[in-house]
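Enquirer: For chain A, the structure is supplied; the task is to place chain B on it using the hints.
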Amino acid sequence: MGYDFELDGLASLVHPTFDLESTRALGTIALSIDGRRVEAALIPGSQSCEYFLDVHPDLDGIGGIDARGELDRRERVFVACDGDLVFVHLRGRTHRVEAINALVKAQKDAAPSSGDDALLAPMPGVVVDVAVTVGTEVEAGALLLTIESMKLQTAIVAPTAGRVVELGLSAGSSFEQGAVLVRLEGLDTEEGESR
Amino acid sequence: MTSIPGIQKTLIANRGEIAVRVTKTLRKLGIASASVVHPQDADSPAARAVDEPCTIEGDTPVSAYLDGNQIIAIARRIGADSLHPGYGFLAENADFAEAVMEAGICWIGPPPAAIRLMGDKIESRRFAAERGIPLTPSVNEEDDPKTFAKRAIEIGLPLLIKASAGGGGKGMQIVRSKRELGPAIELARSEAERYFADGRIFAERYLDQPRHVEVQILADGHGNVVHLGERDCSIQRRFQKLIEETPAPMMDDDLRSRICSQAVEVARAAQYQNAGTVEFVLAPDGEFYFLEMNTRLQVEHPVTEMVTGIDLVEEQLRIAAGQTLSFSQNEVRFDGVAIECRVCAEDPDQDFRPAVGRLLLVRPAEGEGLRFDGGIASGQEVSTAFDPMLAKVIAHGRDREEAIRRARRALRESVILGCTTNAAFLERILAHPDFAAGKVETGFIPAHAAELGTFELSPDRRTAILAIAALSNRDFLERVRAVPEPYASMGAWQN
Numbered sequence: 001m002g003y004d005f006e007l008d009g010l011a012s013l014v015h016p017t018f019d020l021e022s023t024r025a026l027g028t029i030a031l032s033i034d035g036r037r038v039e040a041a042l043i044p045g046s047q048s049c050e051y052f053l054d055v056h057p058d059l060d061g062i063g064g065i066d067a068r069g070e071l072d073r074r075e076r077v078f079v080a081c082d083g084d085l086v087f088v089h090l091r092g093r094t095h096r097v098e099a100i101n102a103l104v105k106a107q108k109d110a111a112p113s114s115g116d117d118a119l120l121a122p123m124p125g126v127v128v129d130v131a132v133t134v135g136t137e138v139e140a141g142a143l144l145l146t147i148e149s150m151k152l153q154t155a156i157v158a159p160t161a162g163r164v165v166e167l168g169l170s171a172g173s174s175f176e177q178g179a180v181l182v183r184l185e186g187l188d189t190e191e192g193e194s195r
Numbered sequence: 196m197t198s199i200p201g202i203q204k205t206l207i208a209n210r211g212e213i214a215v216r217v218t219k220t221l222r223k224l225g226i227a228s229a230s231v232v233h234p235q236d237a238d239s240p241a242a243r244a245v246d247e248p249c250t251i252e253g254d255t256p257v258s259a260y261l262d263g264n265q266i267i268a269i270a271r272r273i274g275a276d277s278l279h280p281g282y283g284f285l286a287e288n289a290d291f292a293e294a295v296m297e298a299g300i301c302w303i304g305p306p307p308a309a310i311r312l313m314g315d316k317i318e319s320r321r322f323a324a325e326r327g328i329p330l331t332p333s334v335n336e337e338d339d340p341k342t343f344a345k346r347a348i349e350i351g352l353p354l355l356i357k358a359s360a361g362g363g364g365k366g367m368q369i370v371r372s373k374r375e376l377g378p379a380i381e382l383a384r385s386e387a388e389r390y391f392a393d394g395r396i397f398a399e400r401y402l403d404q405p406r407h408v409e410v411q412i413l414a415d416g417h418g419n420v421v422h423l424g425e426r427d428c429s430i431q432r433r434f435q436k437l438i439e440e441t442p443a444p445m446m447d448d449d450l451r452s453r454i455c456s457q458a459v460e461v462a463r464a465a466q467y468q469n470a471g472t473v474e475f476v477l478a479p480d481g482e483f484y485f486l487e488m489n490t491r492l493q494v495e496h497p498v499t500e501m502v503t504g505i506d507l508v509e510e511q512l513r514i515a516a517g518q519t520l521s522f523s524q525n526e527v528r529f530d531g532v533a534i535e536c537r538v539c540a541e542d543p544d545q546d547f548r549p550a551v552g553r554l555l556l557v558r559p560a561e562g563e564g565l566r567f568d569g570g571i572a573s574g575q576e577v578s579t580a581f582d583p584m585l586a587k588v589i590a591h592g593r594d595r596e597e598a599i600r601r602a603r604r605a606l607r608e609s610v611i612l613g614c615t616t617n618a619a620f621l622e623r624i625l626a627h628p629d630f631a632a633g634k635v636e637t638g639f640i641p642a643h644a645a646e647l648g649t650f651e652l653s654p655d656r657r658t659a660i661l662a663i664a665a666l667s668n669r670d671f672l673e674r675v676r677a678v679p680e681p682y683a684s685m686g687a688w689q690n
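One line per chain: the protein sequences are A and B, in this order. Counting in our numbering, the final residue of the first sequence is number 195, and the numbers go up one at a time with none missing. Counting in our numbering, the final residue of the second sequence is number 690, and the numbers go up one at a time with none missing.
Same shape as in the complex, but just chain A (with noise of 0.2 Å):
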């Protein structure tokens, strides 16, 4: 499953690619960022918000060591999030990412105005296990389902408390982008808060 994060304007595609298997034990985590693969690990440095950025090209693929560029080195960043933004301070300029869930992007594509929380699919797969039935009250952040996109499981959970009203899928079942998971109703409670 990918995420958008959009950078000066551009939307770039990241997924983790989980190749490189004895490395995460070390922190390091394989991506792919728009098709191209690098390893990267963010050390926590001793001040507030300072960590040491280790980032590698993936040099099995083609280029080899001319392909580095910038790249492979170990420099400190300051890194912050506020919710889904994310600032980076690199090399004396601060940068500002928007981290834009692809779930979460399709429900408000979808955004059906109705009050129901209709929890779409962000791309297409497979179900994998559903934890509700139609009826049940959840709590916001309750696990209603868990899919799987992309050799990626990911739990989909209640953005806000509510009752389920809508589940059209078992385990087993294969959907496609923009399907209807499950349709939650809300409550006459306190919104949840989904992050």
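Derived by calculation from the structure, the hints in this document are not laboratory data. Cβ coordinates follow ideal geometry from the N, Cα and C atoms, glycine included. Fair warning: there could be bad hints in the mix.
[Claimed, not checked] Below, a sample of chain A positions facing chain B; criterion: calculated Cβ distance under 7 Å:
| id | residue |
| --- | --- |
| 1 | L31 |
| 2 | C81 |
| 3 | V88 |
[What the hints assert, rightly or not] Take a look, some chain A residues computed to stay more than 12 Å from chain B by CB distance:
| id | residue |
| --- | --- |
| 4 | A40 |
| 5 | D117 |
| 6 | A142 |
| 7 | A161 |
| 8 | F175 |
[Said to hold, decoys possible] Some chain A residues near chain B, calculated using beta-carbon distances under 8 Å:
| id | residue |
| --- | --- |
| 9 | V130 |
| 10 | V134 |
| 11 | G186 |
Expert: Structure of chain B alone, referenced to chain A:
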């Protein structure tokens, strides 16, 4: 005991970086410090810097800091013997200065009569004209409203239409063709009424490629007036200063001494006391004209402090307490060059639109020859309720090249996260060859807009930033960690 007899406790009628700045000097001199604090600023460094933060109420935060009666009542209640107005808000309000003095509180500023005279642009120009101080050709609307447009055109284009009570670029319009005159007059008048509740306007000859040069004055109550050199404040956007420096670049000693003497003459004629600034426009041909006098401490005062070693707030306090200036003009020493950059919450790529946000990290650069005057801290909300200036980065060097180099480093190394700022834009100005050559003028930013625009990130830099964003996004990490082991390890085989 404090080092200034008569001043034991000072109330600061201001907020933000200037409140922090004034507190530093009070502390140095052993004077108890208090300030008025709107609840919205309760967690601000200004509220934490003083010994006694005093809550002030108002319909809006700005109206609270403008509520003179409430502020004087607070001063009385806490037993403050003196009041420092900072800049902005009530600093140039003669009625307030008078009310403070009537309440038996020492006003750390100029006499109300001087504020009144210089606060009215039309009156101050008349005053300067009567004393033979050079002025750009101008006409006042109120002299004969019917012929105002005609008289304005007779001055010659381009023209500036200004508010008589104006300041800070508000109510100011440039007119380059006859056609633009009518709408500009209407716009200037409506802005003047809106911002200053005073619709009087005047037209003034607009010099092409002018520089803004001002002179720092200190005057005591015993007839001593000295200048602390000039500042060039030509780098502006929307008529508001962004970068200031002293000494003014590309200015010969003869011109420098003539401008400074003229400023001393203005202050002397106005029977000025305390710290003040006389502003001039300097034409490319070397002619200069009186613009106005600011009867307060200026935002850009730190550059003067860095080259002269004189603490302007301390001098303000001494003068207000009736002391004689402790140095003469000949004893003022000027050492090197200082440059100030105003870091603002605004987006230069979006026509300097104000930015908002919650500050997540404020980490000033440190090092030789650097000063960071800020009133911000992590966790604070940046709102549009106040001026967008967050902090001032000031750098001093033995020469201009060193000052620029240090300022650039300070801008790069100062970290402000959580809100878009103009820091990178400021650095691009400092890096511009024309700036390095001292070719500054008030139209510098629009004239160089193309070169000052953002450059595209290299693909590698973009990749690095996106990797950081992904690795620090909680949702993203949770998703990565939530992947069951078989999937995670299987990937290795599918490479």
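Enquirer: Run every hint past the structure and note whether it holds.
Expert: How the hints compare with the structure:
Checking A:L31 against chain B: minimum C-beta separation of about 6 Å stays under 7 Å; hint holds. A distance limit of 7 Å between C-beta atoms decides the matter here; for A:C81 the minimum to chain B is near 6 Å, and the interface restraint holds. Taking 7 Å as the C-beta contact cut-off toward chain B, the hint placing A:V88 at the interface holds, the least distance being around 5 Å. For A:A40, the shortest C-beta to C-beta distance to chain B comes to about 4 Å, within the 12 Å cut-off, and the non-interface label is violated.
With a closest Cβ-Cβ approach of about 18 Å to chain B, A:D117 is found to remain outside the 12 Å limit, as its non-interface label requires. Residue placement check: A:A142 keeps its beta carbon more than 12 Å from all beta carbons of chain B (closest about 15 Å). Its beta-carbon lying about 20 Å from the closest one in chain B, A:A161 satisfies the requirement of being farther than 12 Å from that chain. Residue-level check passed: A:F175 sits 19 Å from the nearest beta carbon of chain B, beyond 12 Å.
Interface restraint check for A:V130: the shortest CB-CB distance to chain B comes to about 17 Å, outside 8 Å, so the restraint is violated. Contact between A:V134 and chain B, as hinted, is not supported at the beta carbon level, the nearest pair being about 26 Å apart and thus beyond 8 Å. The interface hint given for A:G186 is broken, as the beta carbon of that residue sits about 22 Å from the closest beta carbon of chain B, more than 8 Å.
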